[in-house]
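K.L.:
The hints should help you fit chain B onto chain A, whose structure is shown.
Number of protein chains: 2
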Amino acid sequence: MLALTAAVVVLAACGGKQQQVAGIGIEPGETPSKQGVRGREFPQILPGNRVAFRVKAPGAKQVQIDLGKLYDMQQNEAGEWECVTEPQSEGFHYYFLVVDGARVADPSARAYYGCSQFSSGIEIPYPEGDTRFYVRDVPHGKVSMVRFYSTTSGEWRRMFVYTPAGYENSSKKYPVLYIQHGGGEDETGWMEQGRTDIILDNLIAEEQANPMIVAMLDGNTPDFEKEFLNDCLPVVEKEFRVEADADHRALAGLSMGGIQTLNMVISHPELFRYVGVFSSGWIASNLPAGVTPEAAAPYYDMLKARPAYYNEQFKVFYLTMGGQEDIAWNNCRIMKENFDAIGIRYTYFETPGGHTWPVWRESLYRLAPILFK
Amino acid sequence: MLALTAAVVVLAACGGKQQQVAGIGIEPGETPSKQGVRGREFPQILPGNRVAFRVKAPGAKQVQIDLGKLYDMQQNEAGEWECVTEPQSEGFHYYFLVVDGARVADPSARAYYGCSQFSSGIEIPYPEGDTRFYVRDVPHGKVSMVRFYSTTSGEWRRMFVYTPAGYENSSKKYPVLYIQHGGGEDETGWMEQGRTDIILDNLIAEEQANPMIVAMLDGNTPDFEKEFLNDCLPVVEKEFRVEADADHRALAGLSMGGIQTLNMVISHPELFRYVGVFSSGWIASNLPAGVTPEAAAPYYDMLKARPAYYNEQFKVFYLTMGGQEDIAWNNCRIMKENFDAIGIRYTYFETPGGHTWPVWRESLYRLAPILFK
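Protein chains in written order, with the working numbering: chain A, 1 to 373; chain B, 1 to 373.
Bound conformation, chain A alone (with noise of 0.2 Å):
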């Protein structure tokens, strides 16, 4: 084992050595984070979920974590930056480091693509018994990475597709969830951050949820309904064993991957029997600059036009929100105010976490069970 053991430091290549941290004095009960990088001490989850981190910046002035709030770090003795933050919620969170002004990933901890760069994950254990989120000896599915032309994109793109524990073995169709990720993410967001194989495995080791395909999109695209329609959708069918109906068809996302949803079904109801929008609605309040309320408007016209159809069109219409400081709150409320003078009818899950991983975790914890049945 010597041989392999100094190989990662001798045959590495990266003109450089890794960091090596020195041990401080760890309470018990302290351990490093799960997003953490192979070999490394920091970040570390102290009691009481807090959050500490070392970070090696020797010649900076000024060194933070910017996890939504900043928090300046301090040099120890040894010249390493350190801080300890507050308490933060269960789950995966997104954070940053701060060197002198330079917002980059911290490279002790595994990067993942969002907030339109390579982030750095936080995980916050969930509390002692909750094992909805964590890999359990179940039967588990796979994730399929499939490479196909988008001929709305213009360009080679991949999704990620779950396929359920036994698919290959039976000649069975499945039904199929779509799943969008929010701005600045990708394709890879539900696999990675929202842990989707894992949820769906454990749904379905537990029947709480019908076993079902879930295919992970890459929402960056210039016309997501075209391409959606065109290129993804055709993808999935030809290349899995789908029942391609509308009762088996099923569409949700989460922010912008919510917007994307809710124009999707509204506009082509005939598709989807199942919606899920999660942390979402039309951007109706804080406008950026260039957005108008009207971009919802041909929407709620469609639903004005015939609120029947689409109560009896779609079996399930579910809508949850992060409580009142997730950022897309008013946006959310506004349409539910709509939905109801209306008469669009939808189920309402809300749950305290902001607009975070956390919240969609949850939201296709719930989702699932209910579709497809």
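Hints were generated in silico from the structure; no laboratory data involved.
Treat the hints with care, as some may be off.
Pairs count within a copy or across copies, as identical chains cannot be separated in the list.
[Claimed, not checked] Cut-off 25 Å, straight-line C-alpha distance, at most; resulting in silico cross-link-like pairs (DMTMM-like, lysine to aspartate or glutamate): (1) K238 - D137; (2) K373 - E77; (3) K336 - E237; (4) K56 - D66; (5) K238 - E168; (6) K238 - E207; (7) K61 - E82; (8) K226 - D137; (9) K336 - E206; (10) K56 - E82; (11) K69 - E294; (12) K61 - D72; (13) K172 - E239; (14) K173 - D231; (15) K373 - E206; (16) K238 - E206; (17) K69 - E207; (18) K226 - D340; (19) K304 - E270; (20) K173 - E350; (21) K173 - E239; (22) K315 - D245; (23) K373 - E270.
P.N.:
Positioned in the frame of chain A, the structure of chain B alone reads:
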């Protein structure tokens, strides 16, 4: 579309906005890096394969690009740091941003697990017409992420498994190439940096390589031989339709993975007829602390005991190197001298490029066509 575009900014919820880089005068022929993050102008590949970088680090005293060699960046009028490197060789290279001594990934680039941390990658275009490593309009296989419990490592782990186009719709059994990453990398290395599925799709479409399954394992384990035999091999042979015999089994690896491959196939030659060792060889020079040349002694003894058997058993024993600038050059040279002295036959191929992914892609591209024939 306005709402969607704006939603990227409004609904990203990352405690900060995407860095907006003002354009500089760009000469004709300059192109953004294929490894860049959507919407980022830098890095830029300049004519002659020089690379232009620009980074926002307003408060920094010193900012550098580490691309094997360190390049000092200069601050422009806008306070952004810029530099242009010397010409780079074609293909994938790791690089880092060094901000006042903090060695981090470049927020404008894609991140890859390598060098024992998430590192930035820059992809230098291949010469006009060389599409061996690009996605082409040919039948595409899939890459499946498979979770399994390693009794050896005592944890849940992942492997990525390439299945060729047509796998799902046939009842045929396929041969398997098991392929290992290098030190400081993991199971994602051959999928992302290595472009394994693209290389195989292209070779199989040209009928240069036989259709095969490629299993990309995680070599970060206390005992690779034990984990391979007790955990990985059984999972692949249970989860996929494989010809489970030595005639249809190959093992290859780069750098640290090459040492794992050597140790495995020499201890268990009965299990493999095909072997690939890229940029490797037992550590025999520039010995790191704790490593002695004796690490290889037991394996040389096994070879000496029955060289004819190994020569008969290994239909392909393929060694490749990235030329004299490859950091494993001496290890491989000494190993070849020892093989020659013992009378062990091997095929040797050398391509310039050093200890880098362009060399390993080329090595796989040349190995795959001589497997299972």
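K.L.:
Now look at each hint and say whether the structure bears it out.
P.N.:
Each hint, compared with the structure:
With identical chains, the CA atoms of K238 and D137 are at most 25 Å apart between copies only, with a shortest distance of 17 Å across copies and 31 Å within one. Proximity of K373 and E77 under a CA criterion of 25 Å is satisfied in neither setting, with 61 Å inside one chain copy and 62 Å between copies. Taking CA atoms no more than 25 Å apart as the test, K336 paired with E237 passes in neither setting, with 33 Å inside one copy and 51 Å between copies. Proximity of K56 and D66 under a CA criterion of 25 Å is satisfied in both settings, with 16 Å inside one chain copy and 16 Å between copies.
Within a single copy, K238 and E168 get their C-alpha atoms as close as 15 Å, and across copies as close as 11 Å, so both meet the 25 Å cut-off. In this assembly of identical chains, K238 and E207 lie within 25 Å of each other by CA distance solely across copies; the values are 24 Å between and 27 Å within a copy. In this homomeric assembly, K61 and E82 come within 25 Å of each other (Cα to Cα) both inside a single copy, at 13 Å, and across copies, at 20 Å. Proximity of K226 to D137 under the C-alpha cut-off of 25 Å is restricted to the inter-copy arrangement: shortest distance 21 Å between copies versus 40 Å within a copy.
For the identical chains of this complex, K336 and E206 are neighbours neither inside a copy (33 Å) nor across copies (55 Å), given an alpha-carbon limit of 25 Å. In this assembly of identical chains, K56 and E82 lie within 25 Å of each other by CA distance both inside one copy and across copies; the values are 9 Å within and 23 Å between. Taking CA atoms no more than 25 Å apart as the test, K69 paired with E294 passes in neither setting, with 33 Å inside one copy and 53 Å between copies. Taking the closest pair of Cα atoms, K61 and D72 come within 25 Å of each other both inside a single copy (11 Å) and across two copies (18 Å).
Taking the shortest Cα distances, K172 and E239 sit within 25 Å of each other both inside one copy (14 Å) and across copies (18 Å). Within a single copy, K173 and D231 get their C-alpha atoms as close as 21 Å, which meets the 25 Å cut-off; across copies the closest is 31 Å, which misses it. Only within a single protomer do K373 and E206 lie at most 25 Å apart by alpha-carbon distance; the minimum there is 16 Å, versus 46 Å between protomers. Taking the shortest Cα distances, K238 and E206 sit within 25 Å of each other only across copies (23 Å), while inside one copy they are farther apart (29 Å).
In the homo-oligomer, the alpha carbons of K69 and E207 never lie at most 25 Å apart, since the shortest distance is 40 Å inside one protomer and 56 Å across protomers. In this homomeric assembly, K226 and D340 never come within 25 Å of each other (Cα to Cα): the closest approach is 29 Å inside a single copy and 62 Å across copies. Only within a single protomer do K304 and E270 lie at most 25 Å apart by alpha-carbon distance; the minimum there is 16 Å, versus 72 Å between protomers. Proximity of K173 and E350 under a CA criterion of 25 Å is satisfied in neither setting, with 33 Å inside one chain copy and 49 Å between copies.
In this assembly of identical chains, K173 and E239 lie within 25 Å of each other by CA distance both inside one copy and across copies; the values are 12 Å within and 19 Å between. In the homo-oligomer, the alpha carbons of K315 and D245 lie at most 25 Å apart inside one protomer (14 Å), although the nearest pairing across protomers, at 51 Å, exceeds that limit. In this assembly of identical chains, K373 and E270 lie within 25 Å of each other by CA distance solely inside one copy; the values are 18 Å within and 52 Å between copies.
Checked against the numbered hints listed earlier, the structure breaks hints 2, 3, 9, 11, 17, 18 and 20; every other hint is satisfied.
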